[in-house]
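There are 2 protein chains.
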Amino acid sequence: MLIDKSITGFLAELKSDSPAPGGGSAAALVGAIGAALGIMVGNLTLGSAKYETVHEQCKGVSLDFEERLASLEKYIDEDTEVFKQVMKAYKLPKNTDEEKQVRIKAIQEFLKAASTLPFTVARTCLDVLELSVKIISIGNVNAASDAAVAGRMAEAAMWSAIYNVRINLGSIKDADFVADMKSRVDDIVARSEVLMDQLVKTANEKI
Amino acid sequence: MLIDKSITGFLAELKSDSPAPGGGSAAALVGAIGAALGIMVGNLTLGSAKYETVHEQCKGVSLDFEERLASLEKYIDEDTEVFKQVMKAYKLPKNTDEEKQVRIKAIQEFLKAASTLPFTVARTCLDVLELSVKIISIGNVNAASDAAVAGRMAEAAMWSAIYNVRINLGSIKDADFVADMKSRVDDIVARSEVLMDQLVKTANEKI
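Protein chains in written order, with the UniProt record's numbering: chain R, 1 to 207; chain B, 1 to 207.
I should point out that these hints are in silico values taken from the structure, not numbers from a laboratory.
Keep in mind that a hint or two might mislead.
No copy labels: a pair is met if it fits in one copy or bridges any two.
[To be verified] List of simulated lysine-lysine pairs, BS3-like, C-alpha gap at most 30 Å:
hint	residue 1	residue 2
1	Lys84	Lys59
2	Lys206	Lys74
3	Lys105	Lys74
4	Lys91	Lys112
5	Lys112	Lys201
6	Lys105	Lys91
7	Lys134	Lys182
8	Lys5	Lys84
9	Lys59	Lys201
10	Lys74	Lys91
11	Lys201	Lys182
12	Lys182	Lys206
13	Lys173	Lys100
14	Lys206	Lys50
15	Lys206	Lys105
Values in this document were obtained by computation on a predicted structure and should not be read as measured data.
Please construct the entire structure, taking both the sequences and the accompanying hints into account.
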């Protein structure tokens with residue numbers, strides 16, 4: 001599995017001439033890096049008596065980060081798997097009308113999965129961004145830069161996942177599915193803009 | 001070394017209650033992920049005869065990406081090392097006036113190194129962003145989302161490194177050093193804004 005590879009090994013696989021793993025798995029990984037940093041800030045806050053009044057609140061935020069980290073780690077490999085299924089569907093035989101129909105149905109089905117999964121990644125990264133805004137506000141000020149990094153990583157990972165949603169939507173014939181997905185993407189982009197304003201404002205105050 | 005750890009192992013170390021590795025090493029890693037994706041887009045372009053007219057140009061871009069990838073992989077561990085040296089300097093004895101002087105001198109020296117290194121990371125990530133703009137413009141359109149991801153990763157990594165520069169500048173007494181560093185950071189931020197506009201515009205056209 002990708003997550004068992006070394007950093008060097010993962011980077012080597014990423015840069016190779018194979019399209020998988022690509023931007024989708026990278027998005028999930030960078031979201032996971034953001035979540036892990038958020039947890040570190042939580043730990044550095046829980047470890048300091050100076051922040052005792054926010055310890056309970058901080059524990060809740062850390063648990064929410066942990067949940068997202070676990071999901072994003074899982075999505076690193078899942079994104080590559082779903083992408084490989086699309087590639088496989090494109091390679092199905094197309095000699096007879098029946099084969100053509102089976103192939104097109106499979107392609108459409110897997111393309112939907114290959115846009116639904118990065119949407120879930122994007123949604124989870126939005127959560128990481130929201131949690132980063134919470135932790136930079138209440139957390140240990142010595143780790144404010146780490147909390148700001150967590151938020152920046154989450155935003156970039158969200159956008160990276162969105163590009164992966166969009167590139168697949170371009171080949172999906174089901175207009176209702178495409179319209180619904182586009183509207184859901186617009187919603188999370190709008191929410192992320194509000195959160196980024198808050199993150200940058202707090203980062204500028206504390207760093 | 002951090003880069004020899006598995007993805008899972010690195011994330012576990014990142015989220016732990018130790019401040020190192022933290023946002024600085026994460027910034028270098030995310031910049032490296034961006035560079036690796038850029039190289040992949042280059043490979044997918046060089047592998048397609050359809051893009052023959054840009055093959056020479058693409059080879060140059062890929063070589064530039066490779067150079068940044070190698071540097072950023074190195075900075076992942078270097079950032080944690082320099083941060084540990086700052087922590088060690090803070091723990092030096094301060095019983096006598098001489099000890100106090102030695103300690104303060106060491107802290108100031110390592111704080112400078114701990115802001116110079118993330119500045120270099122930020123500068124290298126700006127290069128990755130610039131190269132991502134080039135590759136999304138000339139590269140294989142099927143990998144346009146990956147090129148856009150490369151640019152987003154580079155921008156987030158640049159900002160993450162900048163937060164690490166800034167948090168250390170806050171404790172540096174050498175006013176000239178601080179002013180010079182701030183002005184250099186402002187320059188790369190201004191350049192990144194122009195490049196991000198180009199990246200997002202091209203991404204919206206191609207994805």
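Status of each hint after checking the structure:
no. : hint             : in the structure
1   : Lys84 to Lys59   : between (38 Å within a copy, 27 Å between copies)
2   : Lys206 to Lys74  : between (33 Å within a copy, 29 Å between copies)
3   : Lys105 to Lys74  : within (27 Å within a copy, 46 Å between copies)
4   : Lys91 to Lys112  : within (17 Å within a copy, 56 Å between copies)
5   : Lys112 to Lys201 : between (37 Å within a copy, 26 Å between copies)
6   : Lys105 to Lys91  : within (13 Å within a copy, 65 Å between copies)
7   : Lys134 to Lys182 : both (28 Å within a copy, 27 Å between copies)
8   : Lys5 to Lys84    : both (19 Å within a copy, 26 Å between copies)
9   : Lys59 to Lys201  : within (24 Å within a copy, 41 Å between copies)
10  : Lys74 to Lys91   : within (27 Å within a copy, 40 Å between copies)
11  : Lys201 to Lys182 : both (29 Å within a copy, 18 Å between copies)
12  : Lys182 to Lys206 : between (36 Å within a copy, 16 Å between copies)
13  : Lys173 to Lys100 : within (16 Å within a copy, 71 Å between copies)
14  : Lys206 to Lys50  : within (17 Å within a copy, 51 Å between copies)
15  : Lys206 to Lys105 : between (53 Å within a copy, 25 Å between copies)
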